[in-house]
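**Q** Chains as they are written, first to last, in our numbering: chain X, 17 to 229; chain L, 146 to 398.
Just so you know, the hints here were simulated from the structure itself, not pulled from any lab data.
Lysine to aspartate or glutamate pairs mimicking DMTMM-like chemistry, simulated, CA-CA at most 20 Å apart:
#: 1; chain 1: L; residue 1: Lys192; chain 2: X; residue 2: Glu142
#: 2; chain 1: L; residue 1: Lys192; chain 2: X; residue 2: Glu147
#: 3; chain 1: X; residue 1: Lys167; chain 2: L; residue 2: Asp160
#: 4; chain 1: L; residue 1: Lys373; chain 2: L; residue 2: Asp396
Stretch by stretch, here's where chain L covers chain X in the computed footprint (C-beta under 8 Å, at least three residues):
#: 5; stretch: 29-38
#: 6; stretch: 42-49
#: 7; stretch: 63-71
#: 8; stretch: 138-149
#: 9; stretch: 161-172
#: 10; stretch: 177-189
All C-beta atoms, glycine included, are put in the ideal place defined by N, C-alpha and C.
The residues making up each chain are set out below.
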Amino acid sequence: MFGSRQKARTKQFESACMEYIDSLYASALKMTRNQTEAEELVQDTFVRAFRFKKNFEWGTNLKAWLFRILTNTFINDYRHKKHEQRYVERAAVEPLYDEVLNRHSAEYCSNPENHVFTKFFKEELEQALEELPDDFRMVVVLSDIEGFSYKEISEMLDAPIGTVMSRLHRGRKLLQRSLVDYAVEAGVIPKESKESDAPKNVTHLRHKKEANQ
Amino acid sequence: MNCVNNKKFIDAYMDGELEAGMMLEIENHLGQCTDCSGYLRVKRDLKSALHHFSQIQAPDHLRAQISTLGTRAGRVWWPKPVVVAPMAAAAALMLLFWSTDQPGIPDSSKQEVALVVQDVVDRHVRDLPMEINDSNQLRAASWFQGKIDFPVRPLGPGLKNTTFQGARVSNVRENQAAQMVYTVDGKKVTFMVFPAHRISVAGGNMLTVRGKEILTGRKNGYNVAMSKEGDMIYAVSSDLPVKRLVQLLIDRR
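Only chain X is shown next, with the shape it has when bound in the complex (with noise of 0.2 Å):
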């Protein structure tokens, strides 16, 4: 009797991971930019789920544990296959854009109508995405595309608010800067007439760096 209510609740908590399969590998295939890697992620996971099941507590965020098991399998086990480790230095993100930013939404977000991201912008925001740093693309991930709440995120990092709102807060910057980039390229924003000195990405950031050595 007790072993047939232990397998349908078993059977319970499977069903109930199983629902959140299409996130996590939306989330993986961002994280790892890797198809077959994403898979993996994803495997591990559930692998990890159904090992650690009875560390789960019913009535708790199921989504939100499942992803605090994928963040951090990413983290241990994925990321550091990664040959180049990308990231960017505090002190260097930190004054980037906002200005050159602002001029360009002051005059192209005037109009409401200019949904310019969602718009025309698709496949140039997934490779802006793709080139942002793990940290700060993992954040914008479970913010932006999974809508988890600054403390949820948190906690799955590891790692205090204040950090995350600072990753997220730089990761947005930088895809918006890429992504003005785009627009001004295909015309959509008008060129500034007076180029700015500002690293315009992380690529423009590092090519800037390596001049300077």
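Once you've looked at the hints, dock chain L against the given chain X.
**A** Just chain L now, with coordinates in the frame of chain X:
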């Protein structure tokens, strides 16, 4: 509130993460500043565009693979070895290999073997840092106490051309595993110990060597040899020849 302060908090404002007082203050500013309201619109547009990525669906084969993780629960299965008595007798003096694809083994079990082999190879290939770097493998084995739910027996001292490098806690399929890394004949060898519980392994190449049943597999250019003793599975993986891996399992103390 000025524009600089507004921009500092505008992400949190957009995400609804600020306290009511601060939200109101920013709203007031946005009502008066076209620059900041345009800036916010860009951010909202971007957030909305990003949200479209949440509509991606997992591929069917991944869904199917994960479904089988659940259905495996409760099945504990290891194939009865095919024993060929005359060969077993001859093997008392030397290593003899006999290999076959087990007849009558369902495809699902063969796939499962492949997944276990893949896991073992994957742990071998991933160059994860060791949690204990102790040249004494017996001390390392005792380090696992309290970290995993089963006693760990290493390959054992005195094996030819074999040096212990370190150990870490790992997993194979759903089960915890002890991972120990050695250098054998100058090459890295990963030795995994994990419970057979909930792992259904059947249908690979079975060898009978000195009366021990050993299952072998190959993935991504790496060989794997596994033996089941009691409720535990012992697996070695390396790019060494499978014969050498089998010998390690046979000679294990």
